[in-house]
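K.L.:
Following the hints, put chain P in place on chain L, whose structure we already have.
Protein chains: 2
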Amino acid sequence: MSRRRRVTLTDVAVRAGVSATTASYILNGRSAQMRISTPTDERVRNAAAELGYRPNRSARSLRTATTTTIGVISDFVASGHYASQMLTGASAAARESDHLLMIGETEGDAALEERLIDEMLERQVDGILYATLTTRQVTVPQALLQQRVVLVNCIDPGSDLPAVLPDELQAGRTAARLMVDAGITSEVYAVGEDPTPGALSGALRLEGLRYGLEEAGGALAGVIPCDWDVVPARDAVSQWLCSGRMPRGFVCLNDRVAMGVYQALSERRLHVPDVAVVSFDGSDLATWLQPRLTSIAVPYDEMGALAMHRLVEPEGAARDLLAVATVPMVVGWGGSLPDRRAALSRLV
Amino acid sequence: MSRRRRVTLTDVAVRAGVSATTASYILNGRSAQMRISTPTDERVRNAAAELGYRPNRSARSLRTATTTTIGVISDFVASGHYASQMLTGASAAARESDHLLMIGETEGDAALEERLIDEMLERQVDGILYATLTTRQVTVPQALLQQRVVLVNCIDPGSDLPAVLPDELQAGRTAARLMVDAGITSEVYAVGEDPTPGALSGALRLEGLRYGLEEAGGALAGVIPCDWDVVPARDAVSQWLCSGRMPRGFVCLNDRVAMGVYQALSERRLHVPDVAVVSFDGSDLATWLQPRLTSIAVPYDEMGALAMHRLVEPEGAARDLLAVATVPMVVGWGGSLPDRRAALSRLV
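Going line by line, the protein sequences match chains L and P.
For the first sequence, our numbering begins at 1 and goes up steadily by one.
For the second sequence, our numbering begins at 1 and goes up steadily by one.
Calculated from the structure, these hints are not laboratory results.
There may be inaccurate statements among the hints.
To be verified - Just some of the chain P residues that point at chain L, by a computed CB distance under 7 angstroms: (1) E105; (2) Q263; (3) Q290.
All C-beta atoms, glycine included, are put in the ideal place defined by N, C-alpha and C.
Just chain L, with the same shape it has in the complex:
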């Protein structure tokens, strides 16, 4: 596979019969300033178009000290739905200001992370989005501390780097409110306690949930611990139901856990929404389950977009913003709450 020789400024100048300097002035929009005649201007532009000349941004970036390129460093930038959504939001926001994204996936490997950051800094990125798959505390690599950086889905308590986080605490309260609105304030169990050190989502969701139920005079009846996936949740809740306890509602820490809960209930011939289910994520899975799952979405795309806007905005504007911005999570309605089903059936 061959690549055609690059068309240079000199090629354009030769074809137009002018000096390279004149061609450069014209193609950089400085004709008027340099008192270049309109016919010459047109001749050079036509020559450039005919030859397919493209300005060389490597050369331009040496002059302007900007590459209009942003690096995205993440543990799993391209793996999984949530990282993808974040990247899509960041990518769309970058386009608004003609920035392109360069990506580096570290797979959680510190040595690889260091190398990717080095590579990006050598390529003169204008700034770096540093993102994590799970909401958690991090220690940002030393090399980033002197750079223009915004954290996404993580915070570094040891630095003053700005961060964009989902409002997990409020989301937990929202889950509680959904149960309370459905008339359920007791026998509500959380499913999927999160044991990962440094992780924030599980702890904050649970704290918000407890607080919200207590606000309404209720209480969280208990937590059924399990990994955040379908099969572990199915197994844990199946076993828990064997003890003969009868829940009124389950708050699942993500949608995969909720799918496992649906399956465990179905095995015991219990049905949603006779047992109410609320979840977090707002993934496609919530729309596929029968009945549709009520799930509180993490707006990863908005988080990516907000972080990108903060990264590319002028220095002055950034100072007016809080160091940590939280993005509200949004309720997607399904049929997994009894009150909602009644309301819907009244409408039909």
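P.N.:
Just chain P now, with coordinates in the frame of chain L:
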């Protein structure tokens, strides 16, 4: 947010008490060639380390005419699981040769695509991966025809650009073989005919399936058309089952369709694997369904990696390869086929 002034080669030279030219020779590994003494060499290297000097790749790329950066242009490069897997494979392969990826998501918008390609070419990418979310025919934008390009998950019949595709036809035959091995050669229905113009997966999977069943003396009994998603498949198969027909097996054109088929069967108190189900995708969903779904995976990560290897390899090597490479699809075993369940129960 401020960024510290960049440390230049001159800063290093001043600190080490040498000329910028000498510093440049040393930091580019040309000390011996230029007969520079060891003490001077060490002094410059120490100064560079103390100041945190980084070579400027924008300057270097002007000299070497390479940026070790690859552009990825895709309709939905960051949206969805499959695009993510492709990106992860490409990203890992790029790292092997110290290349970084620059990404551009076109959202299927031709004007945006043109602009993103322009931006990448201006940034002097060494090559471009051009990928699509669905396996299909494309017309590659004019600007790419003179560049170093490899297509992923698509082909352009009007150009001779190399392409990497999944082996969909063989995957269809594999689905047939799974049914035949389970003793089922009649009353097999496909679910999810693909009406999208230019799309290849559906047509090739069906062709392979028909051929594979006929090879075994059977035949495909029919196709239940529906969009490739959970709810459309559930609705279509529910309605189809109302006619009283009794299928022996369903071959679903993707895993979401299979989830809808599971739900439709469950509504009529029919059970998998009494009715056998085979699917394509090999997504997480296949492991979440009860019983686990037998699904034939599209190896998007391998496709991304193979395409990247072809893109960065020396020109000579590329010529020895076929223009279109197909990547075999892989069967992930579940319990959705009767024979398999029997085999497993014999083992327990």
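K.L.:
All hints, please: hold or fail.
P.N.:
Status of each hint after checking the structure:
no. : hint : in the structure
1   : E105 : 5 angstroms, holds
2   : Q263 : 6 angstroms, holds
3   : Q290 : 6 angstroms, holds
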